[in-house]
Amino acid sequence: MIKEPIITLLTDFGEEDPYVGSMKGVILSISPKARLVDLSHQIKRHDIRQGAFFLFSLVKYYPKGTIHLVVIDPGVGTERKAIIVQSENHFFVGPDNGVISLAAQNDGVRKVIEIENSDYYLQPVSETFHGRDIFAPVAAHLAKNKRIEEFGSVLEDWIQLRIPLATINKAEIKGEIIHIDRFGNLITNISREIFQKVHDLQRSFIEIKINNRELQVPLCSSYNEVKKGDFLGIFGSTDFLEISKNQESAADALNSQNQDKILVK
Amino acid sequence: MIKEPIITLLTDFGEEDPYVGSMKGVILSISPKARLVDLSHQIKRHDIRQGAFFLFSLVKYYPKGTIHLVVIDPGVGTERKAIIVQSENHFFVGPDNGVISLAAQNDGVRKVIEIENSDYYLQPVSETFHGRDIFAPVAAHLAKNKRIEEFGSVLEDWIQLRIPLATINKAEIKGEIIHIDRFGNLITNISREIFQKVHDLQRSFIEIKINNRELQVPLCSSYNEVKKGDFLGIFGSTDFLEISKNQESAADALNSQNQDKILVK
Amino acid sequence: MIKEPIITLLTDFGEEDPYVGSMKGVILSISPKARLVDLSHQIKRHDIRQGAFFLFSLVKYYPKGTIHLVVIDPGVGTERKAIIVQSENHFFVGPDNGVISLAAQNDGVRKVIEIENSDYYLQPVSETFHGRDIFAPVAAHLAKNKRIEEFGSVLEDWIQLRIPLATINKAEIKGEIIHIDRFGNLITNISREIFQKVHDLQRSFIEIKINNRELQVPLCSSYNEVKKGDFLGIFGSTDFLEISKNQESAADALNSQNQDKILVK
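First to last, the sequence lines map onto chains B, Z and X. To convert, take the position in the first sequence, counting from 1, and add 1134; that gives my numbering. To convert, take the position in the second sequence, counting from 1, and add 1134; that gives my numbering. To convert, take the position in the third sequence, counting from 1, and add 1134; that gives my numbering.
Isolated chain B, as found in the complex:
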């Protein structure tokens, strides 16, 4: 592990409340050399799926040994477990509700520990804010090179989400929208790999059906291959098919929402 370990923070806490600042204070009190990197605090409240996809999208760009502290935790105070996941290159600390799972699976899971050792908690532990009282101090102690086995015992059975895979039926691909970004791009679960099983990447147009609207859109490699305001299909920065409008919002134009179905003919 590097000398000034990186701890990233991903939460649904927003920035109007003192929750994120409290967690940062707890970490810096325990591990003064930790380098804090805000990933986002704007995950929709309680949206485990959005948090999981967010984390999945970017973990691979972080250096080996990074600790990712993830607090999207609608089940705080219930029997949901607290976990550390060690993957090939990263550590993750957060609730056992699936939010960590996509990123960790993608990197290759090596070990999952159920956090049980209250020596590493901030006392007294509130039943409403484990981010501050359990996850932040555990991440900070990890950053000081504590072995993960010191925090609890191995957990075999933890909650793992799957990105719903697009399915192929003859020449049609059935997928769904897994994220809509700030620019209104519709990011689908249709990977380049799946697409290639049915379609030629060199073809110039694809026919899609989305929200009962049928469109024929050009398959591009950059937004600006079409005129401003025109639709296009593109394999975006995460290598999934995106439906976009050049310099405008495809989501607004198509009135699309997360988890809407999409059909590619």
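The hints are simulated quantities; they were obtained by calculation from the structure and are not laboratory data. It is possible that part of the hints are untrue.
Where chains are identical, the list cannot tell them apart; a pair therefore holds if satisfied intra-copy or between any two copies.
[Claimed, not checked] Distance condition first, Cα-Cα at most 27 Å in a straight line; then the derived DSSO-like pairs of lysine-lysine:
#, residue 1, residue 2
1, 1280, 1167
2, 1178, 1215
3, 1245, 1198
4, 1331, 1194
5, 1362, 1178
6, 1215, 1361
7, 1362, 1215
8, 1361, 1304
9, 1278, 1331
10, 1178, 1361
11, 1245, 1395
12, 1198, 1304
13, 1167, 1331
14, 1278, 1362
15, 1167, 1343
16, 1399, 1308
17, 1194, 1167
18, 1343, 1361
19, 1278, 1308
20, 1361, 1278
21, 1304, 1215
22, 1361, 1245
Using the hints, position chains Z and X against chain B.
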């Protein structure tokens, strides 16, 4: 003081304008080793009371010697004073309008200095942005171990807010809402200590009146002791009574606002 | 260059998507000692002009040798060039669309390099996210003291914006609003220098016309020289004339927008 001093930033500047970035540049030009920690820039504009409560809620989690730079400053350019407050464990730099007071009182005030020494200002000093021209450079010089006496002389009479205390009348507690968080939790000024003077913490239900609506809500220690969408009372992460709805917004349901009255029978 | 180089980040990516976090990961993987400073990710999407003005306003407060990574890039994937600009005190990395130009001109441009050396790119380079695949890694390599000539060859002809200058016609100044801040202050392109050519800075009132509304407002040096809710004119923290309302929003009251015209008689 530690070698790479922490300077936290708390403002009402938002993130669309260059104000926060200017302050960070000023600090790093003077004290290149300072570690900047954003607490929030989303305090409501000119809301001294929200800023004071925010700071009060989290200062205790920061390491000894942390410098808190607080710029919620509707009176910039008037005769309101600029101050440094040294408390038992922390330093605070900001306007003398009360925004620092709750946090400093809670930690134990040791000394208050009126900032007067223009050697430490960024010249020329604008009359509209002391955050950049006075508070940021003073915080940065503090981080370089300047003694606080070098910035000005002791101030005896400074502006101190008080959290309005809940009052007890026979078996009733009259309080008010002091903060509504992103999740719609209503945080009251009814501390666990005051509550215990009248009610048994072990009781299962409390009767409350809020916005002319009477509710009987269970007293819980975690949100999930009730069904999704049900109301509950809970002593939250700051040890004040909160009125919440499991996984929904109590504020929306009750149409509540900051400073609304609450009665607990 | 200092040992722990500062890299500032300015984008229109918002905080709901993994784009900013991806860039930070890329930088820290290449230059682990880089110090990341968020300027803002809340520039309006694709608003090159707002980004350029934002950067112009604050670059001078940063230490010599700071690297400014600027990704407001509606033309990603087109033939727009990628550039490094070295000015007297700073480095800038971003698209050649003008967003860097105001700040660099103001500091004194020394050299512009067209980024061409794909050895420094993250591979494979997507055609939709050069922020992550080109600009971030180039900024990170710059922070490791690579000479700028290693990234490409000198570019003579790059895109330079100009702040539209206010013009003088007899005793009238014609200007426009170049930014509206969070507090509703209307920041014009009328610099103190231009104003002085026509008006005495000591005068007490100015007559303005804005959105077909004529106002006589006092010329003040702080907001609080007028009563709460009254209009005023003031040379603000960037030394341009601002039309403000004490503790209220002038923009709301006058229904003003960016680029609205203003006439000072």
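Now for the hints, and whether the structure bears them out:
1. In the homo-oligomer, the alpha carbons of residue 1280 and residue 1167 lie at most 27 Å apart both inside one protomer (15 Å) and across protomers (23 Å), since each shortest distance falls under that limit.
2. For the identical chains of this complex, residue 1178 and residue 1215 are intra-copy neighbours only, at 22 Å inside a copy versus 36 Å across copies, given an alpha-carbon limit of 27 Å.
3. When the C-alpha separation of residue 1245 and residue 1198 is checked against a cutoff of 27 Å, the pair qualifies only within one copy, where the shortest distance is 16 Å, while the shortest distance between copies is 36 Å.
4. In this assembly of identical chains, the alpha carbons of residue 1331 and residue 1194 lie at most 27 Å apart only when taken from the same copy (26 Å versus 54 Å across copies).
5. Within a single copy, residue 1362 and residue 1178 get their C-alpha atoms only as close as 30 Å, which misses the 27 Å cut-off; across copies the closest is 17 Å, which meets it.
6. With identical chains, the CA atoms of residue 1215 and residue 1361 are at most 27 Å apart between copies only, with a shortest distance of 19 Å across copies and 51 Å within one.
7. When the C-alpha separation of residue 1362 and residue 1215 is checked against a cutoff of 27 Å, the pair qualifies only between copies, where the shortest distance is 19 Å, while the shortest distance within a copy is 49 Å.
8. Proximity of residue 1361 and residue 1304 under a CA criterion of 27 Å is satisfied in neither setting, with 32 Å inside one chain copy and 44 Å between copies.
9. Proximity of residue 1278 to residue 1331 under the C-alpha cut-off of 27 Å is found in neither arrangement, the shortest distances being 47 Å within a copy and 43 Å between copies.
10. Taking CA atoms no more than 27 Å apart as the test, residue 1178 paired with residue 1361 passes between copies only; the shortest distance there is 21 Å, against 33 Å inside one copy.
11. For a Cα distance limit of 27 Å, the shortest separation of residue 1245 from residue 1395 qualifies neither inside one copy, at 35 Å, nor across copies, at 50 Å.
12. Proximity of residue 1198 and residue 1304 under a CA criterion of 27 Å is satisfied in neither setting, with 42 Å inside one chain copy and 61 Å between copies.
13. Taking CA atoms no more than 27 Å apart as the test, residue 1167 paired with residue 1331 passes in neither setting, with 49 Å inside one copy and 43 Å between copies.
14. In this homomeric assembly, residue 1278 and residue 1362 never come within 27 Å of each other (Cα to Cα): the closest approach is 51 Å inside a single copy and 38 Å across copies.
15. In this homomeric assembly, residue 1167 and residue 1343 never come within 27 Å of each other (Cα to Cα): the closest approach is 52 Å inside a single copy and 48 Å across copies.
16. In the homo-oligomer, the alpha carbons of residue 1399 and residue 1308 lie at most 27 Å apart inside one protomer (9 Å), although the nearest pairing across protomers, at 57 Å, exceeds that limit.
17. In the homo-oligomer, the alpha carbons of residue 1194 and residue 1167 lie at most 27 Å apart both inside one protomer (23 Å) and across protomers (19 Å), since each shortest distance falls under that limit.
18. Taking the shortest Cα distances, residue 1343 and residue 1361 sit within 27 Å of each other inside one copy (21 Å), while across copies they are farther apart (39 Å).
19. Taking identical chains as interchangeable, the C-alpha atoms of residue 1278 and residue 1308 are never at most 27 Å apart, the minima being 47 Å within one chain and 46 Å between chains.
20. For a Cα distance limit of 27 Å, the shortest separation of residue 1361 from residue 1278 qualifies neither inside one copy, at 53 Å, nor across copies, at 40 Å.
21. Proximity of residue 1304 to residue 1215 under the C-alpha cut-off of 27 Å is found in neither arrangement, the shortest distances being 42 Å within a copy and 43 Å between copies.
22. In this assembly of identical chains, the alpha carbons of residue 1361 and residue 1245 never lie at most 27 Å apart, being 49 Å within a copy and 34 Å across copies at closest.
When held up to the earlier numbered hints, the structure conflicts with 8, 9, 11, 12, 13, 14, 15, 19, 20, 21, 22 and fits the remainder.
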